[in-house]
Structures are given as C-alpha cells and as structure tokens.
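Chemist: Each chain is listed here by its residues.
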Amino acid sequence: MMKFRFRRQGADPQREKLKQELFAFHKTVEHGFPNQPSALAFDPELRIMAIGTRSGAVKIYGAPGVEFTGLHRDAATVTQMHFLPGQGRVLTLLDDDSLHLWEIVHHDGCAHLEEALHFQAPSRPGFDGASGLPSLAHITVVLLVAVGDMAALGTEGGSIFFLDVPTLTLLEGQTLGPDEVLRSVPDDYRCGKALGPVESLQGHLRDPTKILIGYSRGLLVIWNQAARCAERIFLGNQLESVCWERSGHTVVSSHSDGSYAIWAADTGDSPTVQPTVATTPYGPFPCKAINKVLWRSCASGEHFVIFSGGMPRASYGDRHCVSVLQAETLVTLDFTSRVIDFFTVHSTRPEDEFDEPQALAVLLEEELVVLDLQTPGWPAVPAPYLAPLHSSAITCSAHVANVPAKLWARIVSAGEQQSPQPASGASSWPITGGRNLAQEPSQRGLLLTGHEDGTVRFWDASGVALRPLYKLSTAGLFQTDCEHADSLAQAAEDDWPPFRKVGCFDPYSDDPRLGVQKVALCKYTAQMVVAGTAGQVLVLELSDTPAEQAVGVASLDLLQDREGFTWKGHERLSPRLGPLPWPAGFQPRALIQCLPPAAVTAVTLHAEWGLVAFGTSHGFGLFDYLRRSPVLARCTLHPSDSLAMEGPLSRVKSLKKSLRQSFRRIRKSRASGKKRMVTGSKLQEANAQLAEQAGPQDVEVTPVQRRIEPRSADDSLSGVVRCLYFADTFLRDAAHHGPTMWAGTNSGSVFAYALEVPAAVAGGEKRPERAVEAVLGKEVQLMHRAPVVAIAVLDGRGRPLPEPYEASRDLAQAPDMQGGHAVLIASEEQFKVFTLPKVSAKTKFKLTAHEGCRVRKVALATFASVACEDYAETCLACLTNLGDVHVFSVPGLRPQVHYACIRKEDISGIASCVFTRHGQGFYLISPSEFERFSLSARNITEPLCSLDVRWPRDATRVSHRSRESPKLSQANGTPGIILAPQSRDGSPDPICKEADTLEPPEAMLSPMSIDSATSADTTLDTTGDMTVEDVKDFLGSSEESEKNLRNLSEEEARACAILIK
Amino acid sequence: MNRGHRHGAGSGCLGTMEVKSKFGAEFRRFSLERSKPGKFEEFYGLLQHVHKIPNVDVLVGYADIHGDLLPINNDDNYHKAVSTANPLLRIFIQKKEEADYSAFGTDTLIKKKNVLTNVLRPDNHRKKPHIVISLPQDFRPVSSIIDVDILPETHRRVRLYKYGTEKPLGFYIRDGASVRVTPHGLEKVPGIFISRLVPGGLAQSTGLLAVNDEVLEVNGIEVSGKSLDQVTDMMIANSRNLIITVRPANQRNNVVRNSRTSGSSGQSTDTSLPSCAPPPEPSLEPGEDDSDEEEDIVIEDSGEPRQIPRAAPSAESLQSLSQVELSFEYGQNGFIPANEVSLPPVAGGAHTEFETRAPDQKLLEEDGTVITL
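Protein sequence lines, in the order shown, are assigned to chains A and B. -18 is the number of the first residue of the first sequence in the working numbering; add one for each residue after it. 30 is the number of the first residue of the second sequence in the working numbering; add one for each residue after it.
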C-alpha cells in the first residue's frame, strides 16, 4: 500500500553518522562483590588487592575508583594469586595447573590489566612413572622468591620446581625432589614412606636463599637453596599451613587437628621434635583443621596470631570463623559465609623490625571484611566498594538520575547517622593503591535496590565504585513471626568461644512477605513509595531528625466486591499500631494495604499531586496520601481467571526461593569439601556448573520446549497490572489538559483516568481539603493482547513529559502543551504511539513479528551526541527476552541500533535489568554483582585509573609476549569483559578510542547541561522481579520434558513440539 | 456502526453532484454537496423524504462506474458511492420486503446487461434462485493459499485467519534438519517443521498445513537462523492473521500453474528435491497488510466501544486518489473481490484456475486420499 514509500529510510548516510555519534555499546564496569571468589592476594607496596574467582576472573582493587578486571581464557578456578611486589604484576595459578602472569600496563595514561604470559605445566603421561623423575602435575603452592624473579612451585608429588618468572620458563636442574630432602633428614624424622604433597612454601624476608617447606605429612624443612641442604627440620602433625615470623626466629604451623604450634628456628642446629608451644585453641574436644595461620609481631611485644578454622567440631563445626589472638585478647570473628582467605596489611620493608599489622582483610564467599587492628576493639572498616549487594537477595532495583545536591547530602547524612564512620580517619581503608583519573561525576546517580528482607538500599552509582549510602528498613513497621529470635540466640552463646558477628551478608529473610517489589522516589520532595510482596504500599518521607509517630494505615479492596473469588495466598502483614520510634532518614507517612494481599506489581508516585497509584494481580488503586483517603480502586480480573487467587506471585516467589536454596545447597556442599580440588570432586564441580547453566552450547543440545497459547481474554493472570503512569495531558478534549492516570495490564488493556486534583493554594504546599476525583476517560484494548510493559505521554514536540515538579520548578523545559499530545504504549510485542485526546494509531513497530523476541524492559532515555555539544535525542531503549537491547526513535519508532547484551539463558539478569535516563543500564550478572553497560556514545562510566609500577624491564619478557588477552568471553555468566579496550597492537577499538580521546575534558563535565535541559525522567519500568513468563521460559524444558517424551513415543523422532492455537 | 470517517476520500472533485434516484417507477433528481456528503443516515432520510416514503424500509443501491449495482448501507460505501459517481450518482431503491439480493454484486452488469432491468421489472427475477448476499459486517476473511503465482511450485504460502472462528490454530512446530542445495552440494541446515496438527483446529480443518511441512517464512520474515522460541513468538504475534510459507512435505499436491510453463507442468513433483535456486520471493513486509489487520478497541468515556482508526498521515490528501483505488481493491465497500482467495496486489487480474476452486474441492485434493492429476 502506501507504506512502501516510507519504507526505505534506514540507509541515509547522515543518519548513520549521527547514530554513531549517539549510540555505542559498552559493558563498562562490574559493581558489587565478585561471585564465587576463590583466591586473594595483596601487594603491600602498591597497596592493591587482587581477587580471583571460580570462573577465572581476576579483579584488582586499589583506592576507590581504581579497578582492573581480567579474565582467563579458560574458565578455570583461580586457586592462588601472588603479586610481584611493586611491579603491578600478579601471578595466578588455576586449577588446571596453568600459571598466568598478568600485568597492569598503561595506554594513553590509563592503566589496564592484561595477561602477559602463561605457563602450562607439562604433564607427559608415563614420563614420571617410567623414569622416576618427579612430574610437575598438581601444583599445590606457589612461592615467589628473590623479589619475584623466581617462583617455587610445590607439587602434589612433593617436589619443588623453580620457574623464571619474567619468562615463565622452568629452570631445569634446580628441581628439588622429595628424595633429596629425605636424604638430609634423619631416619626417625621420616614420616612414613613419602613426605606427602608440599603444603606450604614460605620465603624468608631477608634471606632469599632460605625457603621454609611444609609437607603435608608434617615435616617442616628450612631449606637453603644456595647450599642445597636442609638447615632446620621440625616434625609435627598433619600440616595445614606454616608461617615464618619476619625475623626468621620463629615458625608457626597449623594442623588438621585444630592445633597450631610455634617452633623456635634459631636454637641449636639439631632437628627439633618438640615445638616451644603447641595449643589447640578451641580444645579439648575434637576440632576442625586450622586452615591458615599468620603470626604478626608488634613493637609492643604482644604479637598477633590470626588463624581461620579450628572450631570445635561438634558444637561449632559449621561456623565460618577467623580468630584473632593478641596476648590475652581473643576474638572469634563469626562470619556468615565461608572464609576463602585473609591477609594483614603490615609493614614489609626489610629494615623494619616489626610487622605492626594495621588491618586484617578477610575474603569470604560472599563479602570482604576489613578490621582495623590498630584501634582498640578492632572495629570493622566500612568498605568503599565490593559491597555485598546481595546481603539480602535483591528483589527489585531502580535508578534515579540527576539527584539534587540537597537531597544527596540529606541521604548521605542519614546514612552516616545510621553507621557512624570510625573516628580515626588515618586508619580507614587500607587498600589505597593507584589513582582514580576519572572526573568527578557531573551528576549524582542513585541506585535503589529493594531486598527480600524488606530493606531498600541506596547506592551511589555516580562513579565506578558502587558505594552504599543508606539503608531503609520497612520491617520495623510490621509484626513478624521470628522477631527477636536472632538477638536471643546471640545472647545465649556469648561466653565461649568469644564470637563476634561480623559482616552484613544475611541471606535469610524473616518473612518473605516483607520483600520489596517496587520502589519509586521523588527526588525533589524526598518522598518515596516502597511496595512489597504482601500488598503493602508504604509512603515515606525523608526527615533529618528522629521522630516517634504512629503511621496511618488504610486498606483498599481491589476486588471491588467481585463475587466468587477467595484469596488462597499469604495473609497480609499486620502493622504495628501506636507511635513507633523512627531514626533520621526515610520515615513512613502512610501505609496502604491492598486486599487481597497479593504482591504489588506496579507503583507510581506523583508528589506534586500527592497521589500514589499501585497495582497487583487483581487490580489497581489510587490513594491520596495527603488526605489519607483512597480515591479509586478498580478490579482488572477477568471473571474466569482463577489462578490469580492462588497468590501466583508467591508461587513464583517460592520457586525462586527453592532455586536459591538449591544453589545454597550446592554452595554448602562445596564449602564442606576439601579446600583443594582433588580429582574426585571434579564431578561435583561439573554438576555445579551445570546447575548454573554454564555454557550456551549445553542449552542448544537440549531443545527448548514450551507450550504456548494464543493470548485471549480469559488467559490466567490477565489482570496483572504491569505499569502505572501519571501525566498532565489531554484526555477528554483537545482544549483542556489535566492530571491523568494510566494503567496497563497483562492482557493488553489500558485504562486512562482523568483526575480532578484540587489546585494547591498559591505558595502553600498544602492542598485544600477537597477530595481528588478520578473518572474513567478511556479504555484501550490492544488487539494482540500482549502485556502492556510501559506507558508514556509525549508532548507536542514528541518528547516525554517531565517528571512531577521538574517543570514547575524550572528544572526542565516545560512540556509543549500546544501541539497534540501522544501516548506511547509499549507492550511485550509492539510499540504504538496513539494520538490524544482522540485515540488513533499514529506509529507503531511490531517487534515480535519482526524479530521473534518479546519486550522485557523499556525506558525512554536521552542520548547525547559525542560530536555535538548540545545535541541529544530521546529514544526508547528496550531489552528483549533474548537479552538484546534495541533502541528506537521516538515518536517515529524507527529501529536505530541493537546490541546483544545479556545471554538469553540468564533470566535473572534480564529480569533485573534497569535503564538509566541517560542511556546506561545495570543488570545482575550474579546474585552479588551488577554489570553496568552503556548504550550512549557519550555517557560512559568506566574505570579510568593509573598505578605507579616499577618494572625491572628486561629484554627477555618482550620476546615472550603471548597472545592477545581474550576480548569477549564469559565470566560466571558475564559475557564480554573487555580486558584491554586499547589493544597493544596500536589499532585501538574505534569506539573506545572515540570515547576516550575525542572527548575533551569539558565534554565530560557538560552532560550536566544536557541533562537538565531535557530531563524528562522516564525510567518507565524498573522491575527487578521475575515475571511469570520468565519463569515459564526457565521452566520450559523441565515442565515440558515429560509431555515431550510422550510426543517422542507417539510420533517417532519429533524432538520438540509447540502448539500454536 | 460508529465508524470513523474516511477523510480525504471524496476530496477529488469540488462542487455539487447530481443524484438521480429511482424508486419503483418514480425518479427523483436532486443534488448533493460532493465535499460534504454527510452521513448515510442523513442520506437515507433524504431519500425517504424526496420519494415521500417516510416509513418504508428500503434497500438503497447505486450503479458504480462499471455499471455494477452496489448497495449503500453504511457511511463507508455511501462515501464511496459519492466519491466515485461521475458525473451522476444513480440510486436504485427497493422495498426491503421485495428486495432482490441477487441483483447486487460484481460482474453482474458485465456478464448480463439485464441486471438493471431486473430491478426495473421486478416481476422478472422471481424465477431465479434467491441468493442472499449478507451485509459487509457479516463478511469475514477465511484461510486460504495465497501468492500462488509468485511462489515456486514447491512452496506454499498459507494464510490462516483465526479471526471469527473459535477454532484454535491447532498445530505444533518443532526443530528439525532440512536439506538444502548449496554451492557445496547438499547440506543439512536446521529448520522448523510442523510436527503435529490438532484435530478440529484451523490448520487441520482447512487442510492447508500438514505434518512435516517445513516452515520457511512467517508473515514475510524468513525463519532461518531463528530459534524455535523466536518462531513461536512470531507466530503468536501474528496469530490473528498468520501467513506461513511452507515447503510441503507432500509435494504431490502442488499447484500446477498454467500461467507459467515449468518443467514439471502437469506432472506430480514428488521426485523433486527442494528447488535448486532459492526462489525470488517478494518478501512480504509485515505491517504492509495493515488494512486487513486487527485494530485496537478504544472505549471512550461514553462507554461505546469503537475501533481505533489509523490516523491520517498529513501527506495523505495528496495521495487520496491512489488510496481510493487501493482501498477499493480491498473491498472497502464491503465486497471482497474474491471471497475465497484474496488477491495479492501484485497479482493484478491474473486469475488462476485455482482461484475459483471451491473449498470442499480443495480439501479433497489435499487430503491425499483423492489425487487429481
């Protein structure tokens, strides 16, 4: 028809150039705590810390904002990491017996982490067995000797090999076999036939020729590598770890029976049988092994002994503890997750006589805890990054851009009152290496995460380091079953061991009904709405002073006397009545409880009108929180929908819960396993990886099967309210605009209400005491009946309307009220723009018909141009169920660009995605990590930092430069960590180049002006919860497999069948 | 019906237009403002007024440019009549009780010049069988094979209209392997296949799809490279007007075309592998067929549901003539040109033998039980 005339528009070269200036896709930084950490290292000279993970990622952290990320080519577990002190290089050992040398190199003034060399231990089958020569299989420990020029590798077979580090080549002829050691050991010291694997290697701080070797069977040898003889020999029990005191006079060993022993290394020259001290700190009953022990001396003479494990097996065998002992003071740090490793920050200069430890850093499975050892009481130091996002599971997230400075300061101050900063500023965060070169962020971005335990956490998402600002807890308003249980248990077991709860990771929620489903914040009035799983909608307001007050409670029946429905889900939460004390921060003003108490699926706030709208699977309501009176309740249930009454979302919830529990079980079983990988546990490992859906190739083997139905009016859950929206627009006639409220449901229905909001008296914040009225203005039924994901009204210029207060306070350009308005309705299948007030289709794009993908998340975002200072476009960004991000023009709805962003199997990643209003986004790559990505060519938040390294640059290492580090690969389900945006061959990635070099420093500051000019904040939907469809996707294979098997038998080899009605 | 006006439809000519209206043996002449024809209701009232038959239910018809007698019973075909009348709008009025429905229709006048005389002489037509042509709103499109003339013989493009039926589409699709002829010889590539038909479903009852047919396109989008899930979503998204191009597993029943002489003309093509060269298929853009697509329903505050009209693009007035023609072909006045097989616009007047086949015939043919050679 006539359309063909308009079809060919895409190939316009000018538009293509403009697109390049506007859009570019980068995954910039990972926020949060690395998933499944497995190794830890610290460089005391550069003061940087490295964390390795089970998926082969290497992350290096220094001062806040200084971050480097690398990923091994093979997704093998990083078992050990060792810094070459001061060189900015780190040697990693993987569980496939390969060694990798990473280095921090500078390109264009910015530092990047790159893999320089790697070494695969030669494993020649038959070689070791036939010739009797020791093999380099199963490296157990690595020690850097001679300031990092040489590495000693201890093996399972008891041999020690030496490796030239700059070239990563084996030094032949220096290998120290167990036989050679045994020759210098008197017969009575031979512990059985063999020495066992090398369990520990320790170097002497001052004398690089001396190595302390600990064998698993209990033999400790101080070996002089120059003279090739054993200097001292000690014989203890089954060994776990050893530590050499800095003077070299004392050796500490820890054992598998939960004891540690102190040996004098400088008395006499005869072999020592008896340690000077041997204690089982948590005896006398059988104890678990002490996995690692550290001895740190102090000038005061009261040395520190720090060890992990060793708990009484029967009573506290399941605790994850690190004990710190100084003189008579013993503290048992009780963590909620497994201890991976720990280190102390102390002096390492050889001329210093004492260690003088400043801080203890403990890496746990789920968080990093740093204790200040110089302040009495050893308080924990709040971490400026590596925050455990998942301390309680994240249930939703939202991003607020351009936070006004005033609100920012108030939130920060509320957060400071919540967790007072340590008084001594000097000994705050000990890991301070590197310099952050990134500009001070031009605008403040706030990331809100809602959690399962009813808390909302506020994060500073302005820069590279995601910093916790404030935590809001809504649990205090409700009576929950298991209150005080924790504190009682805490009090009972205070005596011995002297447990001290440390860390904030607490995955166990008191009551799943407390879970936060939706959050909305008005950044101008500091009012917010928090809506939860049991239909509770809480309106809060930021207050700078503590207060004691009662909260008004209202309940709203969304069923509206529909007959024949009985809610079979959870009960509503019972609020605590009477005045309650509230600390400074967000304090509740009103509580609305939806009936039936189904989870809130959409919420929106209009602070200017004093209205909050909320929806569940049954309907939606409108509440005037200034007058504390309900305005409207509307049931959206279809008469034949019975599923909605069973609390479907709680079913999803419980499924999620059970999934999480099974993951926990996997984790637990891993934790209880031996700390080192033995061949037997490979299967377990493989199973765990399978459970986490490691590879996309696995998925392709098993065909995805899903029974599908055409969307019809009586589909179940068709009444779920998916989005709510307030707008000042023309609903009834073209002459008068006024407040409107829009609601979209799962079955493609859109309800538009005209609101009668009494005008505020000039100057006064208070509205006259007149009721708000809502009249149904229009009802649109999309014929394709796909769920309505988002609604937005566009002004006469095609721009989204500004947020409440933005226009009236001159913070944004006033919307064009002259030209005709239009409403953009985004469903899971199509985007459509309709004219207003007469609803007629203007433009549309049928995404599903074109691509076969469904829309999961949608947001209107402003994209600024890199080439032109003040050019920006508002576009529609959308994430599909295939994990692709598409950008469309508005209101033309022309496809602009699309990028593959998230793996399509990663349903929690897709469900958690949230877009910012300037073309960035976040999604969870693991329960504890947000990946930040950028769709904008201009607005990119990525680490820019430098590190002062000194390299003994020699010719040898240049020639051994190995392959390019992998550019795009997978780390724990994280696709595409870009290791080196500027590759070393001099042909940098053009987009990165553009972003980094073409952009003058002024440009980095300028987004402020752009932002404020076009600041229609329209992060339309910021859900982080799973929808039923997500789960359907996920369940597809298992649920249908049975059915499918039947198909198989019935119809021969038809692998997979889908019903299309 | 509360349909929206088709703006611009009659903006071609200016001024007034002569109307000659005949009821029984009486003629009335009057004029209408061509640019403002008003609503059908008003026109109907006017006719009753000028003929002085205020309380008589009548059927209104007009002679179009081809001489066909077409009904006027709503705003759309009324405007159509006004816009196409040149220079004179000839109106024929019959009493409803003695109406001759068979007089209406296309081609009536070309074949038999006496259609109008039938109307003129009401005693004549009584001998003929009484065929009732229902009103336009009772028409619905039905499932069919389309684009026969532009597709290779080994392919079949099927339009499944779910609209108006309670039947499910009723088929399953699966992953499978398809053999393609490539420059490197035969190659196995993944494909999507019909795996099962639900008894009583649209696919089975129309006989348009069969088990193991390979799905090549969905509404003009090729499915190669798409996952089963994606194809499923595409089919659901188009489920109201689903056009699937398949390579039938059973190649015996391929349509034999007269218009193009191919090597296998008159022969069964069951021996042929998929045709060697990828067929030059005019890709059917989705959204192109908007005119027969579903339209969303909006309920104004008056409570009256209505279809959402498409907003007229500003440039449309210039194009009004071509649009009139186009919309005419699509039977805007309620008459589907060929009620079994809808004509693709490019097909023009290329009538194939297949087109006129009755549905029951086709079923027989494609069942495989009766093979016509």
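It should be emphasised that the hints constitute simulated quantities derived from the structure, not laboratory data. Incorrect hints may appear among the rest.
As the list claims (entries may be wrong) - Facing chain B, a subset of chain A residues (Cβ under 10 Å, in silico):
#, residue
1, Q(-5)
2, Q574
3, A767
4, E810
5, T829
6, L863
Unchecked claim - Have a look at the derived ranges for each label pair, beta carbon to beta carbon:
#, chain 1, residue 1, chain 2, residue 2, range
7, A, E544, B, P170, 53 to 59 Å
8, A, E544, B, S64, 50 to 56 Å
9, A, G873, B, E71, 51 to 57 Å
Keep in mind that this is a model prediction, so the values were computed, not measured. Just so you know, even glycine gets a beta-carbon here, dropped at the ideal spot from N, CA and C.
Chemist: Check each numbered hint from earlier against the structure, then list the numbers of those it violates in ascending order.
Modeler: 1, 2, 7, 9
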